[in-house]
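Undergrad: Sequence:
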Amino acid sequence: MAKEITPRSEDYSQWYLDIVQKARLADNSPVRGCMIIKPHGFAIWEHMRDALDIMFKETGHVNAYFPLFIPKSFLSKEAKHVDGFAQECAVVTHYRLKTIGDTPETRQVVVDPDAKLEEELIVRPTSETIIWNTYRDWIQSYRDLPILINQWANVVRWEMRTRPFLRTAEFLWQEGHTAHATADDAMEEARRMLDVYATFAEEFMAMPVIKGIKTENERFAGADETFCIEALMQDGKALQAGTSHFLGQNFAKAFDVTYLTKENQQEYVWATSWGVSTRLVGGLIMTHSDDDGLVLPPKLAPIQVVIVPIPKPSPALDEASNKIAAALRAKGIRVKVDNDDQNRPGFKFAEYEMIGVPVRLGLGMRDLDAGQVEVARRDTKTKESVPLENIDQYVADLLVEIQGALFERAKAYRDEHITKVDRWEDFEKVLEEKGGFVSAHWDGTTATEKEIKEKTKATIRCIPLDGVAEAGVCILTGKPSTQRVLFARAY
RNA sequence: CGGGGCGUAGCGCAGCCCGGUAGCGCACCUGCUUUGGGAGCAGGGGGUCCCAGGUUCGAAUCCUGGUGCCCCGACCA
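Numbering follows the working numbering, with no gaps: position 282 of the first sequence is 377.
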């Protein structure tokens, strides 16, 4: 039929694009690299956002909003920061259009050359600069610290190559920006938020992650230390799913943000920033979905349970369906009763599998007469008949089970794809044939890291936080090393 | 920014080589029959053939120049 998805084994990249389109998550837009997030895709993001927002507030943060536009001069105040972002900034140069041409045929709208801005504005690629410019005015004393602010926003990075959710020119994210009196406080904050991200990824997305530290080469532009969570996709490529940065005093110095200590000394403020984006939706897709469509963990599924009357709605089936739905809703479950009488059950089954509804209840007179309902799991594609009595509790338990099963399945795959390697031939071979993370020794130099990338396309995803000290020699140079790092090809 | 591909109905495409009534499938609308894993039949509506110029009696088709998007690389969350 018209809804075929390219199998993963045939073309993983096309499979991903098919899922995005067929599960109605997003469309391409008229603007290159930008996507239209459709209701079903946006609902997933909303559930992510809501869960994260609660976690941020539980850790003491408040939300605020800073402007989309940043004076161009702000970006250049932190030298490394500008180096990192200058290449991909959208710039606003004018503030007015005008119409030229006297006839309908020749009429057109052009940029009014008289409306040139004195200082160009950049569309934020990230908000450190405008926020630290603001913090200068907000911070005088140690009593003003810490400042723990998050914002939900869109940002623009003019990427050369884009893919829906994974890398778009405009994306939605949250960015936390905190200010602290001491380096220890800031470092503790950066680590705390990394933990929040890891907890969210594993408990809500059912996506196992490895917490680690980025190498200097992979560090955020303007950070002293970048922490990250790294996930593994089904094609063996890694995905950076979130980052938390210890910014040191770099932005405080760039924007002259100081505070008076108890001892009446002027000190520069210490900073962190941390963010996750709509990229997580891409990670979610690639962690769980299959050749039949999207597979979603119940906690993030916009519809957790759908009730399909078989073969079509009828008064008796509607009454029974609504009764089940009411009982499920009373347990806080997001349930849809499919009232559509146009499409047949087979069509609906395929459709709900496509969009990733975790549990489907099929209810026909045959079931009703027997006092049971057909329960179908999206993750395992299994079906069974279950008594209608206490079906609400059964389904509630099943959703919990599915959430756990998805995580365990993803974790088993991930763990199977962390390969310890000590010889260069094996290193290349594992990357080429098996994929996944390769755990190997590295001599700690950027030069070696870059050479490995040139040879294999693999980068150091992170130095795992739970790594153990272990003497060894660098996989490429044979120089001494004290700890293994994780290499992978990445998105 | 390099390499490749494609712009024709909402979507997917054929037609182009060899110029002559704008086509097919899906979707959509109407009706009937169906209905426990993507229904069938009949009828119907919908077009700036990417844009501009050129050749021609006549251009979706040939020529020239633009332009947009997609995919693959290098660069990046």
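Just so you know, these hints were derived from the structure itself, not from any lab.
Any given hint could turn out to be false.
[Claimed, not checked] Calculated lysine to aspartate or glutamate pairs in the DMTMM-like style (CA-CA distance at most 25 Å, straight line):
| # | residue 1 | residue 2 |
| --- | --- | --- |
| 1 | Lys348 | Asp330 |
| 2 | Lys476 | Asp386 |
| 3 | Lys476 | Asp433 |
| 4 | Lys306 | Asp538 |
| 5 | Lys524 | Asp330 |
| 6 | Lys306 | Glu320 |
| 7 | Lys193 | Glu153 |
| 8 | Lys117 | Glu320 |
Undergrad: Each of the hints needs a verdict: does it hold here or not?
TA: Now the hints, each set against the structure:
Between Lys348 and Asp330, the direct Cα distance comes to roughly 43 Å. Violation of the 25 Å bound is thereby established for this hinted pair. At most 25 Å may separate the alpha-carbon atoms for a hinted pair to count; Lys476 and Asp386 meet this at roughly 12 Å. The suggested pairing of Lys476 with Asp433 holds, with an alpha-carbon distance near 20 Å, which does not exceed 25 Å. Of the supplied pair hints, the one linking Lys306 and Asp538 holds, its CA atoms being roughly 21 Å apart against a limit of 25 Å.
Annotation: proposed proximity of Lys524 to Asp330 holds, straight-line Cα distance about 16 Å (limit 25 Å). Taking the CA atoms of Lys306 and Glu320, the gap is about 13 Å. The hint holds against a cut of 25 Å. Using a Cα cut-off of 25 Å, the hinted pair Lys193 and Glu153 is violated, with the two alpha carbons roughly 50 Å apart. Distance hint between Lys117 and Glu320 is unfulfilled; the C-alpha atoms sit about 40 Å from each other, more than 25 Å.
Of the hints listed earlier, those the structure fails to meet are numbers 1, 7 and 8, in rising order.
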